Amino acid sequence: MAGKVKWVTDIEKSVLINNFEKRGWIQVAENEDWNFYWCVIHWFQFVCLKPSRNIIARMSVQTIRNVFSVETGYRLSDDQIVNHFPNHYELTRKDLMVKNIKRYRKELEKEGSPLAEKDENGKYIYLDFVPVTFMLPADYNLFVEEFRKNPSSTWIMKPCGKAQGKGIFLINKLSQIKKWSRDSKTSSFVSQSSKEAYVISLYINNPLLIGGKKFDLRLYVLVSTYRPLRCYMYKLGFCRFCTVKYTPSTSELDNMFVHLTNVAIQKHGDDYNHIHGGKWTVSNLRLYLESTRGKEVTNKLFDEIHWIIVQSLKAVAPVMNNDKHCFECYGYDIIIDDKLKPWLIEVNASPSLTSSTANDRILKYNLINDTLNIAVPNGEIPDCKWNKSPPKEVLGNYEVLYDEEMAQSDGSDRDLRSRSGQSTGTKGNRGRDSGKPVLTTWK
Amino acid sequence: MLEQDSGLSLTIARIVQRLKGSSLHSQLERQARISLHNPEIKLESLKEDIKDFLKTSGWEKKLQNAVYSELNVFPSPCHPAAPPEHMKEPLAYMRKAQGSWEKRILKSLNSMCTELSIPLAQKRPASEQKELLNKWNEMGTDEPDLSLFRPVYAPKDFLEKEDFSELDLNVGQLGIDDSAQVPPEFFENEHVRIGQKVLAEQDSAAAQQYVRQGCPTALRADLWALILNISNQPEDILYYEQLKSNVIQHDLLVDSLIYKDVKLTASNDDYYFVFEDYLYQVLLCFSRDTSVLEHFAYSSATPPKSYIRGKLGIEEYAVFYPPNGVIPFHGFSMYVAPLCFLYHEPSKLYQIFREMYVRFFFRLHSISSHPSGIVSLCLLFETLLQTHLPQLFYHLREIGAQPLRISFKWMVRAFSGYLATDQLLLLWDRILGYNSLEILAVLAAAVFAFRAVNLMEVTSLAAAEAVLADLSTLKVMPLLQIFLFATVT
Chain C
1 MAGKVKWVTD IEKSVLINNF EKRGWIQVAE NEDWNFYWCV IHWFQFVCLK PSRNIIARMS
61 VQTIRNVFSV ETGYRLSDDQ IVNHFPNHYE LTRKDLMVKN IKRYRKELEK EGSPLAEKDE
121 NGKYIYLDFV PVTFMLPADY NLFVEEFRKN PSSTWIMKPC GKAQGKGIFL INKLSQIKKW
181 SRDSKTSSFV SQSSKEAYVI SLYINNPLLI GGKKFDLRLY VLVSTYRPLR CYMYKLGFCR
241 FCTVKYTPST SELDNMFVHL TNVAIQKHGD DYNHIHGGKW TVSNLRLYLE STRGKEVTNK
301 LFDEIHWIIV QSLKAVAPVM NNDKHCFECY GYDIIIDDKL KPWLIEVNAS PSLTSSTAND
361 RILKYNLIND TLNIAVPNGE IPDCKWNKSP PKEVLGNYEV LYDEEMAQSD GSDRDLRSRS
421 GQSTGTKGNR GRDSGKPVLT TWK
Chain P
1 MLEQDSGLSL TIARIVQRLK GSSLHSQLER QARISLHNPE IKLESLKEDI KDFLKTSGWE
61 KKLQNAVYSE LNVFPSPCHP AAPPEHMKEP LAYMRKAQGS WEKRILKSLN SMCTELSIPL
121 AQKRPASEQK ELLNKWNEMG TDEPDLSLFR PVYAPKDFLE KEDFSELDLN VGQLGIDDSA
181 QVPPEFFENE HVRIGQKVLA EQDSAAAQQY VRQGCPTALR ADLWALILNI SNQPEDILYY
241 EQLKSNVIQH DLLVDSLIYK DVKLTASNDD YYFVFEDYLY QVLLCFSRDT SVLEHFAYSS
301 ATPPKSYIRG KLGIEEYAVF YPPNGVIPFH GFSMYVAPLC FLYHEPSKLY QIFREMYVRF
361 FFRLHSISSH PSGIVSLCLL FETLLQTHLP QLFYHLREIG AQPLRISFKW MVRAFSGYLA
421 TDQLLLLWDR ILGYNSLEIL AVLAAAVFAF RAVNLMEVTS LAAAEAVLAD LSTLKVMPLL
481 QIFLFATVT
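Going down the list, the protein sequences come from chains C and P.
Using the numbering used here, read the first sequence as starting at 1 and increasing by one per residue.
Using the numbering used here, read the second sequence as starting at 1 and increasing by one per residue.
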């Protein structure tokens, strides 16, 4: 009998299971032979299966780096693929993401790359897409220095290892984060365990408002390989609106319904609506911006969004364990400020598959469907040695965001910043395809 | 020949009378006076020089646009001796039908008033005024208790009137002689270029002609404003602020109807929920805007009157209720919602909506013989369906699924809330371009044509409704084009 793909998952989500079943795949248990593992990552823990020894192991961050290496002997076979890269947290943990981007920028600067150009205020012109961020308690003193430059600014505190808006709060006074001070006598919070680590970022207190409300963008990005980098962007992203009108007023800093767009938070608000779930399609956003702001600035905004996604992936590519058994579908959270500048807030390794509305369910179902079509070609037992270059027809609602191989083989010499004005009137070619000009300079 | 001339001079006289005393008039006077300081203006040729100045400084174009606007809105007088109600509605039986319709609405409104013991209008106490002022920008939160209110009427109530089904109106031609296309690449760039040129020239008539082929998204807001002759002058903003203060000071019963309508429709809509607060800001002001009363001169409808307590029937104590004479019905807010995608400044949004209402939307909920009136649209729709898809038409009638029952609500709402917003805006482009609502009937027929195969297989009204329940994926222009130019009769 022709092998049917055997799948395992550690979450019970209908959008997943319906997709597996419609392909005729067979569900197996974690300790059996499997071809496809879809798992949810909780912080840096990873459920790993060693087929020949039937062992399920929960690994800590130290051993994860070695989990696929030859030395330890844990090996996945050619016909097994998993929906995460072993050290995805380099991108998906808030502190590591910032660390990697900072490192990437410094490297570019050292080699004199024009991408690392700075303006007269010392800000990166092309790579300033993450709000100023510090790790606590490690960078506490650096943070204080920065804070004192602008004592009226607001900062947002986020626990490194949590999701769904949990544990986040805003501060505008140093006293509110005394506990994280390194020299603090109350050392109970200064813990070595990464669970207690926080990042503190400059709060974007001038978000673009529509209808008076703050929103953020959730975009799905599929990465099939990091070296060479090949990534796809899902066309059907959405905006998540707060139910309460935005105000930067200090009296409302504690009101999470004003500031945090996570559905997990908003759905507890009085005005949460279960029909639309406070979600808007990206195409609505585009229509609104084109109609009220004009086409050029809207195109520029979306180009920049694609740019920062690709740059974030390039930043972690060198340190990512590019295991051929892996692919990953990330949930990118982006906020647009009132100058139409996009900011990367964070990247989620396991974007929620819970559906808050009927439309949502359809969207996530199709997302998984298109993801599987790319990651597991033809729905057959995978061979991780394949070239990971699916034909155009199977992309579904994905489109190629960046393909490093294609970009390098394209020999034409292009201007680094020509992409922003390059709408030549041909629809659909907004520099998202392999022809992202700036990256022909990359090795 | 003589009659034509007298007709023309009547029109000219009417337009001059309407523009006299308008803000444009005083602006022109001011400009003319200022121009006297110019060295080019010579005393000997004063009149000519001022005329030239007004031309080159663009003021003549503004006057042209205003004249064009008037021509668009007001029908030409039929006969110098015709009584004023003929301008509202020439056909006596139509006037009668509209009259009885109005009686019904008023009865519904009055009985709700008495049942709930709520006055039609009352002044707000100072504390309430303060509170409302504070939350002017977020009226979507903290809604009042609306459970006892019910909409005064909904589109389906309108449909139950059978009088008009036997009317023998001549529907005639649509007048859509330029093809409306989804612009392909080579067309789009040129079209955008022309659009920019039209905007630079600030010519209403040219804009109206231009949008027949659709507006580029980035130019649409400005083009519509140009066609509707909205310039958002300081006095317009002031007028809007005045309306806002009227809202703050007085509470009207219709306010609750508006709240309820928004909460039932736009708040639940995937596209428009974001703009909920804007809708209150527009609609509450709209109901207090007495300038809207002017449109009753050419509408078959008559604004309802209410009397100060204890003075029933005494004309000196009569006021129009609501102040703008328009009682909102279920779904009314959907006329405003799509405009929020184009205008985010409340006073401009308000003016655009008001102009759209007094030019187009009012015809969708009053009984008249006007070609853009809902009655004519119904007839047009049925005629088109019967002519082009006779099999489908009779099949649906046979199974008790009268096509009009389904398409009526689309047309009354001008398809708002049924089509995806970008498609809706393309449709409304043509409404503005052709200065007519007939395209709504054509689109309705085109939708039936598009789903004909599935509809032929249904055996009940419910099933037919299900086939036509979701129009959100439809592409309007190809549908219209195929229906208009590719159907084999």
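Hints listed in this document are in silico derivations from the structure and should not be mistaken for laboratory results.
Note that the structure is a prediction, hence the values are computed from the model and not measured.
Every residue, glycine too, gets a C-beta built ideally from N, C-alpha and C.
Check each hint, because a few of them may be wrong.
Mimicking BS3-like on lysine-lysine, the simulated pairs with C-alpha atoms at most 30 Å apart in a straight line are [as the list claims (entries may be wrong)]:
| id | chain 1 | residue 1 | chain 2 | residue 2 |
| --- | --- | --- | --- | --- |
| 1 | C | Lys173 | C | Lys245 |
| 2 | P | Lys42 | C | Lys300 |
| 3 | C | Lys339 | P | Lys197 |
Pulled a few chain P residues facing chain C out of the computed Cβ check, cut under 7 Å [what the hints assert, rightly or not]:
| id | residue |
| --- | --- |
| 4 | Leu133 |
| 5 | Asn137 |
| 6 | Asp277 |
Some residues of chain C that are not near chain P, with every Cβ distance over 12 Å (derived) [what the hints assert, rightly or not]:
| id | residue |
| --- | --- |
| 7 | Gly3 |
| 8 | Glu12 |
| 9 | Lys13 |
| 10 | Pro114 |
| 11 | Asn150 |
| 12 | Ile204 |
| 13 | Asn205 |
| 14 | Leu253 |
| 15 | Lys324 |
Against the structure, the hints:
no.: 1; hint: C:Lys173 <-> C:Lys245; in the structure: 24 Å, holds
no.: 2; hint: P:Lys42 <-> C:Lys300; in the structure: 52 Å, violated
no.: 3; hint: C:Lys339 <-> P:Lys197; in the structure: 28 Å, holds
no.: 4; hint: Leu133; in the structure: 15 Å, violated
no.: 5; hint: Asn137; in the structure: 6 Å, holds
no.: 6; hint: Asp277; in the structure: 6 Å, holds
no.: 7; hint: Gly3; in the structure: 38 Å, holds
no.: 8; hint: Glu12; in the structure: 28 Å, holds
no.: 9; hint: Lys13; in the structure: 23 Å, holds
no.: 10; hint: Pro114; in the structure: 31 Å, holds
no.: 11; hint: Asn150; in the structure: 28 Å, holds
no.: 12; hint: Ile204; in the structure: 19 Å, holds
no.: 13; hint: Asn205; in the structure: 18 Å, holds
no.: 14; hint: Leu253; in the structure: 18 Å, holds
no.: 15; hint: Lys324; in the structure: 39 Å, holds
Violated hints, in rising order: 2 and 4; the structure is consistent with all others.
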